[in-house]
Amino acid sequence: MAKVLYTASMSLDGFIAGPGGDMSWLAEYFSPNPIIADLIDGIGALLVGKKTYTGDDPNKGREGEGKAFGGGWDGPQYIVTHHVPADQEPNLFFVTDLADGLAQAKEAAGDKYVNVLGANLAHQLLESGDVDEILVSIAPVLLGDGTPLFRQPGGRNVKLERTHDSTAPLANNLWFKVKY
186 MAKVLYTASM SLDGFIAGPG GDMSWLAEYF SPNPIIADLI DGIGALLVGK KTYTGDDPNK
246 GREGEGKAFG GGWDGPQYIV THHVPADQEP NLFFVTDLAD GLAQAKEAAG DKYVNVLGAN
306 LAHQLLESGD VDEILVSIAP VLLGDGTPLF RQPGGRNVKL ERTHDSTAPL ANNLWFKVKY
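Quick note, the sequence shown lines up with residues 186 to 365 if you use my numbering.
Derived by calculation from the structure, the hints in this document are not laboratory data.
A virtual CB, placed ideally from N, CA and C, is assigned to each residue, including glycine.
FRET-style restraints, in silico, Cβ to Cβ:
#1 256 / 344: 28 to 38 angstroms
#2 273 / 225: 16 to 26 angstroms
#3 251 / 342: 31 to 41 angstroms
#4 271 / 352: 42 to 52 angstroms
#5 213 / 365: 31 to 41 angstroms
#6 267 / 186: 23 to 33 angstroms
#7 247 / 339: 34 to 44 angstroms
#8 352 / 199: 15 to 25 angstroms
#9 257 / 197: 22 to 32 angstroms
#10 199 / 245: 19 to 29 angstroms
#11 277 / 247: 14 to 24 angstroms
#12 256 / 352: 20 to 30 angstroms
Can you make the complete structure from the sequences, with help from the hints?
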């Protein structure tokens with residue numbers, strides 16, 4: 186059965202996108218990261234929020250633009266949106282219901298990970314108890330503002346158990362199991 190993994194690259198001050206959804210800051214921190222390279226083979230499907238899907242691409246103007254993990258991964262992607270486009274591309278599936286999209290992604294992933302991309306989507310899945318693990322690669326930069334990794338108005342603790350940590354040339358990786 187597929188596990189659900191929320192992955193994100195994050196600034197040290199907790200932002201996964203800069204002001205206005207800017208992702209250009211991340212390009213400077215692309216470097217070989219063994220934990221991500223190993224993870225890619227373990228991903229069976231992506232579950233992606235609409236803002237993430239249509240948002241700024243950190244690979245803009247580079248090889249791999251518009252592709253998951255800069256072209257390092259290929260497979261089924263389930264985009265959760267209120268507005269399904271008429272034209273659909275191969276391996277892109279637009280769904281209007283998060284639970285349905287998650288079920289489809291899990292089925293497609295088999296015994297591999299469903300990789301969640303997008304803070305709002307991850308927040309909803311954490312609220313419903315559907316995220317199994319979180320992997321964050323922390324870049325050595327302070328953005329000061331933007332989209333946080335996790336936002337819970339009024340506060341709420343989500344207990345985590347660290348299962349792995351490692352260092353790459355331009356990132357520190359922290360992998361957690363979510364404890365509900």
